[in-house]
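Asker: According to our numbering, the residues represented by the sequence shown are 35 to 259, in order.
Derived by calculation from the structure, the hints in this document are not laboratory data.
We treat Cβ as the ideally placed atom computed from N, Cα and C, and that holds for glycine.
Errors might be hidden in some of the hints.
Derived DEER-like restraints, expressed as beta-carbon distance ranges [what the hints assert, rightly or not]:
| # | residue 1 | residue 2 | range |
| --- | --- | --- | --- |
| 1 | Ile111 | Asp153 | 55 to 65 angstroms |
| 2 | Glu99 | Asp153 | 50 to 60 angstroms |
| 3 | Val104 | Trp37 | 48 to 58 angstroms |
| 4 | Gln220 | Trp170 | 45 to 55 angstroms |
| 5 | Arg157 | Ile232 | 42 to 52 angstroms |
| 6 | Leu119 | Asp39 | 31 to 41 angstroms |
| 7 | Gly187 | Gly71 | 42 to 52 angstroms |
| 8 | Met240 | Val38 | 52 to 62 angstroms |
| 9 | Arg174 | Ser246 | 39 to 49 angstroms |
| 10 | Gly71 | Glu102 | 29 to 39 angstroms |
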Amino acid sequence: MGWVDPFYAPAPSAIAGAVGGLFADGEIYKHLEATFGAALLGLGLGLAGGAILGFIAALLRPVAELLEPVMAMLNAIPRVILAPLFIIWLGIGLASKVALSFILVVVLTFFSVYNGIRDVDYRLVERVKTLGGGQWVLLREVYIPSVVTWVMGSLKVAVGFAFTGAVVGEFVASSRGLGYLLAFAQSTYNATLTFGLIFLVLVFVMILFTLSGMLERHLLRWKYR
Numbered sequence: 035m036g037w038v039d040p041f042y043a044p045a046p047s048a049i050a051g052a053v054g055g056l057f058a059d060g061e062i063y064k065h066l067e068a069t070f071g072a073a074l075l076g077l078g079l080g081l082a083g084g085a086i087l088g089f090i091a092a093l094l095r096p097v098a099e100l101l102e103p104v105m106a107m108l109n110a111i112p113r114v115i116l117a118p119l120f121i122i123w124l125g126i127g128l129a130s131k132v133a134l135s136f137i138l139v140v141v142l143t144f145f146s147v148y149n150g151i152r153d154v155d156y157r158l159v160e161r162v163k164t165l166g167g168g169q170w171v172l173l174r175e176v177y178i179p180s181v182v183t184w185v186m187g188s189l190k191v192a193v194g195f196a197f198t199g200a201v202v203g204e205f206v207a208s209s210r211g212l213g214y215l216l217a218f219a220q221s222t223y224n225a226t227l228t229f230g231l232i233f234l235v236l237v238f239v240m241i242l243f244t245l246s247g248m249l250e251r252h253l254l255r256w257k258y259r
């Protein structure tokens with residue numbers, strides 16, 4: 035109807051055409067591979083690293099006194115500002131994007147695991163020990179169920195953080211990826227391509243949200259009965 039300037043807010047049909055064009059010429063696939071590879075690798079490493087560090091810190095007080103202030107400091111600053119530093123250290127390739135995704139996820143996972151173990155009722159631990167349960171029984175029957183609840187509660191946030199790290203890293207400096215395409219669209223004032231790329235990121239993140247929700251319902255099926 036001419037109420038909105040299409041230069042700033044293009045029609046949905048134009049956005050759909052831009053997205054379709056990306057898939058039609060096959061150019062988008064290498065960019066999807068780069069972004070997904072960095073995001074998923076950073077997510078996996080961040081979950082594993084945060085879980086290991088959180089377990090160790092929760093069970094060993096000297097380690098907690100060392101790690102907790104560091105993680106609190108990392109959590110207090112906008113971690114995306116580390117992107118230029120990672121690019122200086124690791125270059126514009128995959129490693130810098132994985133590192134940024136990792137640092138975003140590992141802090142969140144650390145506090146989820148750390149708080150999950152510390153939230154366990156000490157009386158429950160004492161009762162398990164009284165009934166003859168050793169460290170392995172405590173880990174399997176008490177600590178891990180508590181930690182899984184905390185981690186699954188923050189998994190969707192972790193997925194978003196992983197993609198944030200990958201896309202922001204590509205936006206700052208890269209030769210491929212959805213962030214690289216967004217930077218190109220910005221430099222050419224191409225609002226249609228920008229909206230299309232944002233839509234793609236939203237679709238893929240929502241798919242991962244759905245998968246993480248299915249995983250949560252499976253792992254915490256005792257909670258949903």
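Asker: Report the numbers of all earlier hints that the structure fails to satisfy, in ascending order.
Answerer: 1, 2, 7, 8, 9
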